[in-house]
Each structure stands twice: as structure tokens, then as C-alpha cells.
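Novice: These protein sequence lines are chains A, B and C, in that order.
Numbered per our numbering, the first sequence spans residues 1 to 280.
Numbered per our numbering, the second sequence spans residues 1 to 280.
Numbered per our numbering, the third sequence spans residues 1 to 280.
No lab work stands behind these hints: they were computed from the structure.
Do not rely on the hints blindly, as some may be mistaken.
The list treats identical chains as interchangeable, and a pair is accepted whether it falls inside one copy or across any two copies.
Said to hold, decoys possible - Pairs of lysine to aspartate or glutamate, DMTMM-like flavour, derived with a Cα cap of 25 Å:
hint: 1; residue 1: K103; residue 2: E65
hint: 2; residue 1: K268; residue 2: E69
hint: 3; residue 1: K215; residue 2: E195
hint: 4; residue 1: K64; residue 2: E265
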Amino acid sequence: MMIHAYRSCFRNLRISLARNYASSSKLVDVSRDDKTGVSIISMSRAPVNGLNRELLVELERSLKEAQDERRRGVVLTSSLSNVFSGGLDIMEMFKKDAESMSKFWSALQDLYLTLYGLSVPIAAAINGSSPAGGCFLAMCCEYRVFVDGKHTIGLNETNLGIVAPKWFQNVMIATIGHRNAELALLRGTLFSPQEALRIGLVDELATDKADAISKCENYIASFARIPGTGRYLTKLGVRQELIQWMHDNREVDVNSFVTFAQTPEVQKNLELYVKSLKKR
Amino acid sequence: MMIHAYRSCFRNLRISLARNYASSSKLVDVSRDDKTGVSIISMSRAPVNGLNRELLVELERSLKEAQDERRRGVVLTSSLSNVFSGGLDIMEMFKKDAESMSKFWSALQDLYLTLYGLSVPIAAAINGSSPAGGCFLAMCCEYRVFVDGKHTIGLNETNLGIVAPKWFQNVMIATIGHRNAELALLRGTLFSPQEALRIGLVDELATDKADAISKCENYIASFARIPGTGRYLTKLGVRQELIQWMHDNREVDVNSFVTFAQTPEVQKNLELYVKSLKKR
Amino acid sequence: MMIHAYRSCFRNLRISLARNYASSSKLVDVSRDDKTGVSIISMSRAPVNGLNRELLVELERSLKEAQDERRRGVVLTSSLSNVFSGGLDIMEMFKKDAESMSKFWSALQDLYLTLYGLSVPIAAAINGSSPAGGCFLAMCCEYRVFVDGKHTIGLNETNLGIVAPKWFQNVMIATIGHRNAELALLRGTLFSPQEALRIGLVDELATDKADAISKCENYIASFARIPGTGRYLTKLGVRQELIQWMHDNREVDVNSFVTFAQTPEVQKNLELYVKSLKKR
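Just chain A, same shape as in the assembly (with noise of 0.2 Å):
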């Protein structure tokens, strides 16, 4: 007994060990490059960098230690070969209660406002599929270059029977337009990075990961001339009603949240969903 007590809180002991070092260098992998000035934030969640409350917390701390440090700019990118990040976990939000969802939610907001109103230049070198909340990670840096190839973007939401949250929406209607926002939501398209390219989702196209970043970095090193606090206080002007309206709505956004993802019907096709997964 004292045996099995021992074993067990070794276990749990590693368990915590295991975590803990996930947490602070494995979710997220942050490469500084020191004769560009830029960070490299790259999302290591295995196997598609699910967006759990974990993996968002991790995020923007990492986002705003790059703040913090001043660095050039950041590029945000996956480590994984085939996903810049599938978007929202569904397990955060399936068969979970109130509280825990509530917490989700919060940790979601929060990377929003760092991640929109990010004071140095940020680009995303989307190396993989980008759906859902991969697709709005990306929108909410101020360029794109998606990796050419079978992968797609787009906010696909409606295609699980979910919706795409207000603020997803609007970041999409400021990034594509109103009339091509409301097709792309309505219909969960996910777009082909020529269709991106030509619809405006994204900014360039690339080769492959390295050139991705190769060229997000040049779009950085572009403000090299441009002094830094003229051009975050233009960016808060251009993102400004965004922004506010998360401030204005924190609270009324997580209940609706919570609500619409209480419901059965909700329930019933995340429940279809997993199993899909599963069978996959």
C-alpha cells in the first residue's frame, strides 16, 4: 500500500513534471533570431495545435514577452509538418461545465486583444491547413503568407453547426470585405491558397515553410525606418472599434458562449464531430 501510494505519486509527480515542462517550452517554441530582431512563435501542440485553454495562454505570454523584449517582430508559425493550428479544441467545449468553459473563453478574449493589438510588426507563415480558429489567428496578425500546396484557410465553422463568434466575423470582414465575408462564413468555405491569394485572405503565397518565413520576415524588416510608437498607435486607430467592442462585451460574449455551446443541438454535433474524428 505504501508501495502502490509511492508509485502512484511518483506517477502523478512526473505526470506534473511533464506538464510543466510542456508548458513553459513545448506548446509553444520561441526561436529568437538575433540579427533580425524577430521572434519566431511557432504553436508545438500535437496533432493539429487544438486551441486548449493551455495552448492560448501559452500563446500570449509568448506574444507578450515579444512585446515586452521590444523585439523587431514576431512570426507566428506551427512546428507541426501538416497544420498551422485546427483551430479551437472541441474538447474545451464538449460535455464541459459552465465554469470550465467560461475559463476557455476568457483565455480566448484575452490572446484576441494581445494577439490584435500587438505593438510590433507580426506575420503569419501559415505551413498548414488553418481552419476555423487557425484561419483567425492568422487574420488577426497584420500579414499572411500561406505555404502553396492541398492545405486551405478559412472560418469553416458553419460546417459543424457552430458559429463563427462575432469578433471572428468582423476581423474576417475587415481582412476580406463584407459581401465576401458573409459567402465565406454562410458556406464554411475553405479556401485553396490561389482562391486566398486572389480573394485577399492571405498576402503572398510561398514555396514552403522556410520561404514563408523568409517572407514574413522581409515584411517586418520593412518597417525598419519607421518609428515604432507612430505605427502601433496608427495600428490601435485602424483596429480601434474591433478592439473596443471586445472590451465593451467581454462579459456578454462568454454567457453567449457558454449558452450556445450548452445546447444539445451543439452538443450533438460536436458528439458527431469527435466521433468522425476518432474514426479517422
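Using the hints, position chains B and C against chain A.
Specialist: What follows is chains B and C alone, placed relative to chain A:
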């Protein structure tokens, strides 16, 4: 004298009967295709589908019915051979009293709220001219297919010395962007099918009415696998600001319409227009 | 010593006279074509039509005059050969006291409200460089014709370490859309004529100034048959939100300008810029 009175009375009766008949079954013709689940709602008020109060009410009733019956979708079109809709019936604002004009305008607002926020997919098969209010109805749908040829579409109110209401303007801005909408509204531009396609005022061209309806049905069918509730909430999200604007401004909007329509300058412009119509 | 004082006084007098002369008849030159009914308003403050308070006031006065005289329309252009306007006169914010800066900024707001809401058609014949405030004036018109060649146009404020005011930003967003405006504002992009045309920042190119004015006159003539009141109310409708914003934010906007302009960082950036101008 008696005979004359009798004849006059009889003639009025016939007109009245014709009107009742029209209002109950002919102002709007609804055809349900049970294979596709689509309702085809056709405006049928000769000669130009002028949007008088009766037609507005009847149209809204048909849309609500399709919504309540949870149809797969709706195609909005016209039973007339050369016109989708000629827009608001000028006779509803020419030499009318304030109460009558208020009721007319309220009916237009009601139709807008139902049409712009319709829960099921709706596409316009624009099979003829679509000026002013006709263009507005089409823009409130989710998708527009225009029969190629000599007909035109646009908010041409300034040409008549009147003003497209703020909400007509806003729906146009949402459809083709602020810059294009401003120029089109100032000029009262009526776009050819090719121009309308290029500027995004319509989404596809068709060879004839049947082709237009078929393309609208394809649009509706593209949502076959998309759960309805999430899709509907997404639509309400994207259209929220404009819908909210109307809820917040119904009374002000009615009053400003009535006040504007009653100004001598507008009445004079309407009179010139009515005379020019009679000369044709 | 007496002689020196006398000379100094005489020199000041000459400068003062020159200034008065300029402010009454030469800062802005107005030419009325009675055949077309168009007023051509030309900014004439050498060397670069720097928008100091005097020029702002004079320009607004000329616009109001054209409006009161119910001219067919206005062409805004420059009397200088290589510049439309170099934008706000930096000397109005460099080492100035708060009161002086407030008056300057209020004059800019007044001009904006008159120009952006002008009741008669107005087009800009951009016959030279048009950075910052110069670009802003052009964007406030209804139509822009840019003389093709080596000159550029854009809101390049971030390059000077300053910030295009929120309302400059909003007018740019209304002109070229949110995404294009954000990127242009962050980068402080100065667009070539071809690029400006492609992105929609101008509507036509011209071979020279006479051609630009002629194309602006064609724009104005296109409204010959459109009643003025409905056209004007339509314009106010489309531009309502931005005009209302200014009415709601005049004081806050003045204060935030003065506060920002007085920060050491901005004053330092302005000093560097002023020095670089003197070296040319």
C-alpha cells in the same frame, strides 16, 4: 342619373373584386418544389411589380410562410417578362396623407426585417429591370443571379430627385463596398448585367429566367449539409449592425420619410415623373 | 544700432505685408467658369501648399462661397507645378504652444466638415505630389484624377514618426477598404499613379493638369440632370457616420492632437524632419 350611378358603382365593384382577387392570390405567386424543398416566390403585380403596400405585405407574408415551413430555401423572382421590380410604387407617396405614407413605410420596414434576416437561404433570380426598390430587394437576398441582356439594376433614386433611404444605402455598401456604393448612389447608376457582375452587385449571370432560377437553386443546394441553426445565427451575426439600426430607428425613419416625401420639391419631381410615365 | 533696429523693423513689415497680401488673394486662387458653372479652387501657397492655419481657413472660405453661390461643382487643384499639397504645415506643430496648436487643429476640423459634406459635386485634379494632408484633402472630394508621372499620393505619416488622425484613417478606409487602408497606413505607403489607380485611391489618370481638370469637369457635368437636393442628401447619408464622428469628437480630437504633438518623441521626429527639409 340613376343609371350612371349604377354603372359607376358596378365599375367600382369590378375594380374592387379584381383587387381582392389579386391581393389574395395573384400579387405574389408561390410555387413549392417538393423535390428540392425550394419555394419560388414570384412578384406578380403588373405592369412593373411596383411595391405598393399590398404587395409589400403579401411578399412579407410569403417569406414568413416559407420560413415557418422550414423550406430548404427561397428563390425570389418575378412573374413579369421584362421586370424584376420597378421599385417602390410612386403612387404611395404622390399626394398621399401622412398616415397613409406612414403605413406604407412601416410595411416596407417590416418586409426588410423579414427578408434581410430570413432564416433560410434566399437567392434572387433577377429576370428583368431592377431599379431602386427592386435592386434593394435583390440586395437583401444572400445571392443574386441576373439574366444577361438589356436590363439594368441599381439604386437610381437621385435621378428621380429623391433619396435612397439610409438603410438601402447601407445594404448597398455591405454588398459592393463603400467607395463603389457612394459613386453609384450619387450618380443613381443603373448597371448593365456585365457591369453589375464586375462590381459585385450580382454574383452570376444567366441566359434566361429558367437558368437564373436553376443557379439560385444550386446556391441553395450548396447548403444541404450545413446545419440550419448555426448558419442562421452566422447570418444574423454578419447582418447584425444593419438589422439593429432598423430596430433603433424605425420611428425616426418613418417620420423622415414622410417629411421628405411631403416637401414641395419632392412632390414636384414625383409629378414630373408620373406625367412622364403616362406619356409612355 | 538705431539703423539696425530700423532695418529689422522694415524687414518685418515687408514680411507682414507679403503675408497679408497672400492671405487675402493668393493663398487660394478661385476661377469661375461661367459656361460650365464650375469653380476651380487652386491652392497657391509656395513652395508646397503646406496646410498652415491661414491656408486652411482660406480654403474653407472658398468652398463655402462656391456652395453658397450654388456653383455646378468645384475642382480642387494646385497652382504649383509639382505639388498638389505637401500636407499639414509641420511648423504649425513644431515648438508651438497648446493654444496655437488647438486653433490650427480646429481650423483643420472645420475644413474637413465643409469639404467632406460639400453640397455641390467636388473633384480633385491632383497635379503633383500629394502626401499626408494633401492625400486627405483629395480623399475628401468625391472624385480624384491624378496626373500620371513621377508623383505619389498617400498617407505617409508613420514615416515621419507621427500618426494619421483617426478621421484621416476612416476616410481612407471608406475610399480603398479596410485591408488596403491598414497596410497603407502602417507602411505610410506613397502610391505611384498606376498603383493609386489600381487600389482605387484615385479614379482616373490624366496626361497633364489641363487634362485632369477637364476630367474633373466631366465628372461634375455627369450630374447635370440630377436634382441637387436629393443628390446632396444622398451624399450626407453615405458620409453620415464619419461626419457624425467628428461632431461627437471635436474636443477630444483637438486635445489628443495637442497632447501627442507635444510629446518629446514627436517633437524630436519633427525636428529631424525640419532639419532634413532645410538640407535639401
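Novice: Against each hint, give a clear statement of whether it holds in the structure.
Specialist: For each hint, the structure was consulted:
no.	hint	verdict
1	K103 to E65	within (22 Å within a copy, 42 Å between copies)
2	K268 to E69	between (45 Å within a copy, 23 Å between copies)
3	K215 to E195	both (19 Å within a copy, 21 Å between copies)
4	K64 to E265	between (37 Å within a copy, 23 Å between copies)
When held up to the earlier numbered hints, the structure conflicts with none and fits them all.
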